[in-house]
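2 protein chains.
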Amino acid sequence: MNDELVLSNIRSNLIRQEETIIFALIERAQFSANVKIYEDEGVTVPGYKGSFMMYLLSETEKIHASVRRYTASDEHPFTKHLPDPLLTPMVYDWPIKMTSVNINNKILKTYVKEIIPMICEDKDDGNYGSSAVCDINVLQALSKRIHYGKFVAESKYIVEPAAYDILISNEDKKGLIEKLTDKSVEEKLLKRVALKASTYGQEPDAEDPVFKIEPNIIKKIYSDLIIKMTKEVEYLYLMERGRS
Amino acid sequence: MNDELVLSNIRSNLIRQEETIIFALIERAQFSANVKIYEDEGVTVPGYKGSFMMYLLSETEKIHASVRRYTASDEHPFTKHLPDPLLTPMVYDWPIKMTSVNINNKILKTYVKEIIPMICEDKDDGNYGSSAVCDINVLQALSKRIHYGKFVAESKYIVEPAAYDILISNEDKKGLIEKLTDKSVEEKLLKRVALKASTYGQEPDAEDPVFKIEPNIIKKIYSDLIIKMTKEVEYLYLMERGRS
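So the sequences go chain by chain: B and U.
For the first sequence, the positions run 1278 to 1521 when the numbering used here is used.
For the second sequence, the positions run 1278 to 1521 when the numbering used here is used.
Don't read these hints as lab results, they were simulated from the structure.
Please read these numbers as outputs of a predicted model, since none were measured by experiment.
Careful: at least some of the hints might be erroneous.
Unchecked claim - In silico DMTMM-like pairs for lysine to aspartate or glutamate, Cα to Cα no more than 20 Å straight-line: (1) U:1489 <-> B:1480; (2) U:1468 <-> B:1485; (3) B:1390 <-> B:1402.
As the list claims (entries may be wrong) - Chain U is nowhere near these chain B residues, computed Cβ spacing over 10 Å in every case: (4) 1292; (5) 1293; (6) 1296; (7) 1322; (8) 1343; (9) 1345; (10) 1364; (11) 1476; (12) 1481.
Every residue gets a Cβ at the ideal spot worked out from N, C-alpha and C, and that includes glycine.
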């Protein structure tokens, strides 16, 4: 079996990504919500019809596409009409099935509508550029983590193909999600995330420690949003896999 | 006095930037050194003569310039020939004197030659894009922190202008650096950085904790490189201030 599909390797990879996500959320939380940057033409960028943040995100993705970021099996762009890579294509390992699954639109919406109000003060501090640069880091980290569900699903599928095939052919979403769920792993994950959030989220030598983000909020972002969307990816991936 | 020049405000700002720098260093350390990305045409980008990392950095700075990042008093670009901002200019507070001081070339060299070998394994893991994206985060964080020396210098100058004026007119570098140095603050800073590095740099629930970067290395990066370069900025700023 490809190393990238060994479940324990996938899990260490997901654990490593927790830091990236928590660090990125804490970085974003130092600025106010600055909702203007998410509204179409809320901060006018001449010649651009969308939001300020989307302008920065789409320009950043163009650069990253030019150095072939989105040819890797664990990377998914948020924007369309990206340029072809400038670099010669690299022969990447592609241990999962090629599918069209990309739920970045949903991730983007969830981030702006639900996560930002949970972690940022509902104010405008004028730090539009800094906030949007942090947004891009969070969004890329979330997208990678959530689409890693493809690796999780593939690794579980290849161990019990027959059991999954029945659920897939019955289009049994509830059954598939149940089969993919490992409650004890999830509980361990949520405990670990809360611990990391409290460790990373405060000044270690402050006399009166104030959390940059309440650990429970980060735990909630994981339980209600990240894990849920990861399962959505796992489900969509298996369904498309079944049809191919 | 402008709030941004109150020394205690500058210090909290610098403390907040420690997280950003430590998080960014830890993120970079998950990949190998991948020295190829720092060598001119080490990873060929068609039509570009420099290194892969510089390609990504210069393209990123073009976008950031277009949203007027480099019109703020605490931001300094690494590359030249940047486009004019697309956005209407914003009237920023500019509490320090306008100078030409920008030591990003030195920061870049120090980062590639000294910091990367301290934090990354001397190997090539092929993660060129991810490494370079992390590099940009570290470099921007270092540049901001180090050029904050301008605020430190200005805030110290305005309290004792006469004492500084003599040293400036004598071009007494050693005397100026001595006058700017507060040993007890520095010692506190280094202790705090080491504590943060050990708190943020390990899996909090690992049975056998392994540091992603040894806390002493981060402390050394601060004492030998960041503080030293910050003082260089403070000195250059005061000298140019004196001539203006």
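Okay, the hints, checked on the actual structure:
no.: 1; hint: U:1489 <-> B:1480; verdict: 19 Å, holds
no.: 2; hint: U:1468 <-> B:1485; verdict: 18 Å, holds
no.: 3; hint: B:1390 <-> B:1402; verdict: 19 Å, holds
no.: 4; hint: 1292; verdict: 7 Å, violated
no.: 5; hint: 1293; verdict: 7 Å, violated
no.: 6; hint: 1296; verdict: 7 Å, violated
no.: 7; hint: 1322; verdict: 6 Å, violated
no.: 8; hint: 1343; verdict: 8 Å, violated
no.: 9; hint: 1345; verdict: 7 Å, violated
no.: 10; hint: 1364; verdict: 7 Å, violated
no.: 11; hint: 1476; verdict: 5 Å, violated
no.: 12; hint: 1481; verdict: 5 Å, violated
Hints 4, 5, 6, 7, 8, 9, 10, 11, 12, counting from the list given before, are not met by this structure.
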